[in-house]
Amino acid sequence: MRLKMVIVLILMTLIVGGCGMNNESNPVSPSEMNANELPDVPAFKDEFTRDFLQSAEPVKDEFYPFVSGSGSFTMNFPQDMKVNKRSYEIGSENESEFINISHTDEQKDGFINQKISYISFMSNPENGRERMRSSSKRELDFKEIETEHTGQKLEISEYESDPFSVVAAFIWNDNNQGITIFSHIDCKEDLTKEQCSTAKSSEKETIMEMLKSIEFTGKESE
Amino acid sequence: MIVLSMELLESPEIKARLIDIEYGDLKPQELENRLKQLYLEETGELFEGEIDIFHSSETKNETITSSNYDGTAIHISNDGHEEMYVISQGTQGGDDWLYNLKSMLAGQTAQQAEATNEFVMEAKQHLEVDEDTKTYGLSHSLGHNNNTVSYLAFGTFDEVFSINGAQPNYYELFKVDIPFYEAVRKEFAIREDMDVYDIEPQKLNDFAMQYYQDKSDNIHQIISKDDPLYAASAVRGFFTLGNVTMMDTNPDTPGLRELMEDIPDDVVKNFQDLAIDFAIGSEKGGTNGGVEALIGVDLKEFEGIDGFWSGAGFYFTHSSEIDTMIRSLEEKVPTLLDKLTPITENSEEIFDSLYEAEYITKEQKDVMIEEIAIIEQELHEINETIGRNVNIRDSGNPNAIFGGDIGAGLRIYFDHVKAIMESVDRIKESGILDNLSAITDSHSISELLSVMSEGKKGYLGTDMVYTATKGDGDPIKVNISAALRMYRETLPILEEKETKIRNFEQSIKEELDDSYKDEKRKVQDEIDRMESSPGSYRDLLAKHGHLPAFNKEMKSIKVHEVFYPLENNDFDEEIHELKKSVESGKLYIEKYRKAIEDLFDEEDNVSKLFDFSRRF
Chain A
1 MRLKMVIVLI
11 LMTLIVGGCG
21 MNNESNPVSP
31 SEMNANELPD
41 VPAFKDEFTR
51 DFLQSAEPVK
61 DEFYPFVSGS
71 GSFTMNFPQD
81 MKVNKRSYEI
91 GSENESEFIN
101 ISHTDEQKDG
111 FINQKISYIS
121 FMSNPENGRE
131 RMRSSSKREL
141 DFKEIETEHT
151 GQKLEISEYE
161 SDPFSVVAAF
171 IWNDNNQGIT
181 IFSHIDCKED
191 LTKEQCSTAK
201 SSEKETIMEM
211 LKSIEFTGKE
221 SE
Chain B
1 MIVLSMELLE
11 SPEIKARLID
21 IEYGDLKPQE
31 LENRLKQLYL
41 EETGELFEGE
51 IDIFHSSETK
61 NETITSSNYD
71 GTAIHISNDG
81 HEEMYVISQG
91 TQGGDDWLYN
101 LKSMLAGQTA
111 QQAEATNEFV
121 MEAKQHLEVD
131 EDTKTYGLSH
141 SLGHNNNTVS
151 YLAFGTFDEV
161 FSINGAQPNY
171 YELFKVDIPF
181 YEAVRKEFAI
191 REDMDVYDIE
201 PQKLNDFAMQ
211 YYQDKSDNIH
221 QIISKDDPLY
231 AASAVRGFFT
241 LGNVTMMDTN
251 PDTPGLRELM
261 EDIPDDVVKN
271 FQDLAIDFAI
281 GSEKGGTNGG
291 VEALIGVDLK
301 EFEGIDGFWS
311 GAGFYFTHSS
321 EIDTMIRSLE
331 EKVPTLLDKL
341 TPITENSEEI
351 FDSLYEAEYI
361 TKEQKDVMIE
371 EIAIIEQELH
381 EINETIGRNV
391 NIRDSGNPNA
401 IFGGDIGAGL
411 RIYFDHVKAI
421 MESVDRIKES
431 GILDNLSAIT
441 DSHSISELLS
451 VMSEGKKGYL
461 GTDMVYTATK
471 GDGDPIKVNI
481 SAALRMYRET
491 LPILEEKETK
501 IRNFEQSIKE
511 ELDDSYKDEK
521 RKVQDEIDRM
531 ESSPGSYRDL
541 LAKHGHLPAF
551 NKEMKSIKVH
561 EVFYPLENND
571 FDEEIHELKK
581 SVESGKLYIE
591 KYRKAIEDLF
601 DEEDNVSKLF
611 DFSRRF
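If you read the protein sequences in the order shown, they are chains A and B.
For the first sequence, the UniProt record's numbering gives the first residue as 1, with consecutive numbering after it.
For the second sequence, the UniProt record's numbering gives the first residue as 1, with consecutive numbering after it.
Hints are computed from structural coordinates only; laboratory data are not their basis.
Treat the hints with caution; some may be incorrect.
Derived pair list, reagent style DMTMM-like, types lysine to aspartate or glutamate, alpha-carbon separation capped at 25 Å [claimed, not checked]:
{"hint": "1", "chain 1": "B", "residue 1": "K418", "chain 2": "B", "residue 2": "E331"}
{"hint": "2", "chain 1": "A", "residue 1": "K137", "chain 2": "B", "residue 2": "E187"}
{"hint": "3", "chain 1": "A", "residue 1": "K85", "chain 2": "B", "residue 2": "E187"}
Since this is a predicted model, take the numbers as computed values, not measurements.
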């Protein structure tokens with residue numbers, strides 16, 4: 001009796017288990033793909049970063065589509081950067097999010113580290129600017145930058161804080177959403193002054209590409 | 001400690017007591033009265049200035065509300081001198097403990113520090129305090145971390161003062177204080193922000209101390225050597241900045257910090273790593289989510305399997321879950337073990353010192369050491385089972401894979417996960433968690449106040465106690481705070497009683513005497529009307545005939561009225577008794593005051609305290 005049941009059981013295991021093998025045929029999101037099918041770039045090699053990327057198809061040369069963990073904004077994410085797991089933070093009910101992004105490629109001349117803070121409850125854009133001023137202890141003077149996204153504003157303020165070139169960016173809309181971003185660029189040690197400033201301006205282009213691509217996805221209506 | 005700057009609330013005792021009272025979330029008027037009484041008790045003077053209060057529950061700013069920040073801003077002005085005190089409340093309830101775990105141990109979030117800054121800005125606006133007014137942060141526990149991080153990163157305060165505070169964390173500041181972040185990266189040549197965690201903690205600590213040196217003079221702290229939070233501050237991340245006055249509240253036991261300092265830094269680092277994983281996991285799915293983040297298994301999915309056969313049935317319906325479980329165990333358990341082993345290797349030392357310091361019993365120590373070893377052992381076995389299973393998977397024989405899966409999955413669950421949960425239960429049963437929570441008494445403000453006595457003055461809880469200066473024999477201690485509260489608060493109560501009695505007298509007059517007259521007048525009016533115009537009452541004669549033959553007329557009406565006087569309306573005696581009870585109440589309170597005054601010499605000014613206590 002018992003032996004019979006064990007045999008039946010094993011048979012059923014084979015059938016049911018066999019059926020279960022191929023049931024993962026959803027549209028491919030990078031986090032579900034095998035590592036060898038993914039682009040061979042740092043953003044995809046890092047498991048934590050991979051979870052934010054929506055597709056293994058670049059949206060633009062060297063940039064991949066990124067959705068924030070709170071689902072509140074999207075942007076173009078550079079292939080040679082990654083999201084730092086340890087300092088990542090998401091507020092209750094997706095009301096806020098902190099993302100720290102860094103370059104990983106040791107071969108590069110210029111490096112970017114970014115602190116991105118999103119809040120869904122910015123009562124007044126001046127509070128956002130003031131917050132950036134007190135955080136940086138500088139009189140930041142913001143200038144508006146044109147983007148292709150409507151209904152939201154991008155303002156930036158740049159400064160030098162040796163050895164870093166800093167881009168402070170502030171993105172906001174009338175729906176109480178706000179993103180403050182500090183991007184720090186620095187150079188490899190052994191560069192000449194000229195080489196460093198060339199490297200920095202090339203990294204600044206990457207930053208501007210990211211900043212201009214940021215788009216709020218809107219809050220669920222309350 | 002000389003703190004000239006906080007002039008209006010100068011002594012550490014008054015600040016400590018105010019911080020404690022703020023925990024009560026009193027209404028503004030009540031808090032104002034309590035503050036005035038504190039001022040009176042501590043200075044012997046009547047506070048005659050203005051006090052305005054703004055509580056964080058009044059704000060609509062979501063940075064503040066969503067962070068669970070809780071605090072009160074008190075604007076005080078006296079004789080043209082203005083100051084603002086902001087009390088940031090310490091740990092309260094479950095949400096804050098999670099925050100503690102994250103921000104304190106993991107150095108992860110500074111949301112409440114940002115909320116502190118926003119709250120102070122809003123309070124200044126709301127209370128119409130101008131920018132130059134000195135603003136001081138007062139706090140206990142977690143509040144100190146909020147206030148100090150806010151002060152260092154955003155310049156929120158002019159000075160901060162705290163009791164048994166949680167220290168600021170340099171990883172938090174690395175995140176929010178941009179100039180500090182830049183300085184750290186420059187000093188330690190950090191390429192990636194993440195590398196900050198690889199800097200030797202002592203070096204980062206020394207650097208942070210140096211970097212914030214000029215602000216150190218504006219940070220004042222009183223800390224109990226036995227405070228568990230102070231002990232926890234020995235771990236990486238925290239740096240103790242400012243003028244610190246240490247107090248020994250329990251001279252018989254060694255400070256907990258001495259125990260903590262013996263634990264090697266890498267053990268602490270491992271613990272932090274586990275705490276971070278747990279914190280991130282629990283943010284999404286509560287404690288279960290935290291456990292899931294650590295071992296990769298969602299325990300909820302396995303509820304309700306309790307024997308091999310139902311387990312086998314479970315496998316048919318949940319084969320993909322078992323598959324996922326094995327995969328994630330395979331990934332998580334080795335790392336978990338790497339982190340856990342150094343902790344268990346030190347468990348003997350950790351629990352032995354807790355036992356020697358008499359925080360836990362010998363039995364509890366033995367239970368802990370034994371059970372922690374069991375948990376580690378079980379994890380090792382899970383690891384081995386998975387290792388064998390992976391070999392089978394790699395063999396490529398499909399029958400063996402499924403047999404292996406079901407065997408491994410159920411064995412892991414029944415033999416090991418259950419054993420771990422049983423261990424946890426035995427730890428709970430030993431009562432050790434309750435013992436450890438007794439340690440938290442030393443975190444309280446009142447325990448610190450109790451050793452801050454001076455001369456005849458002492459503290460009981462946060463009440464002030466005087467030791468009588470007169471009389472022989474054992475010293476008599478009087479709770480002055482309670483006495484003043486009673487003296488002060490009974491007067492309004494007795495006055496209210498008087499008012500009620502007056503209302504009662506008034507009611508008697510209105511309800512009985514006046515309404516009797518009223519009714520009598522109505523009847524008399526009707527009589528007068530009938531007598532003066534009898535013709536209009538002709539239809540009263542209707543029963544004596546019918547139209548058209550009806551020809552009777554009403555010529556005159558005469559009423560013979562008798563009004564009986566109102567009886568039983570004399571309450572004079574009762575009212576007199578009631579009034580007398582108020583008088584005797586007042587007399588009693590005065591006798592009470594006199595009795596206390598008699599215990600003290602005249603120069604103790606106790607009489608003045610009573611007088612002043614009724615003037616606010």
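Each hint, compared with the structure:
{"no.": "1", "hint": "K418/B x E331/B", "verdict": "holds (20 Å)"}
{"no.": "2", "hint": "K137/A x E187/B", "verdict": "holds (19 Å)"}
{"no.": "3", "hint": "K85/A x E187/B", "verdict": "holds (24 Å)"}
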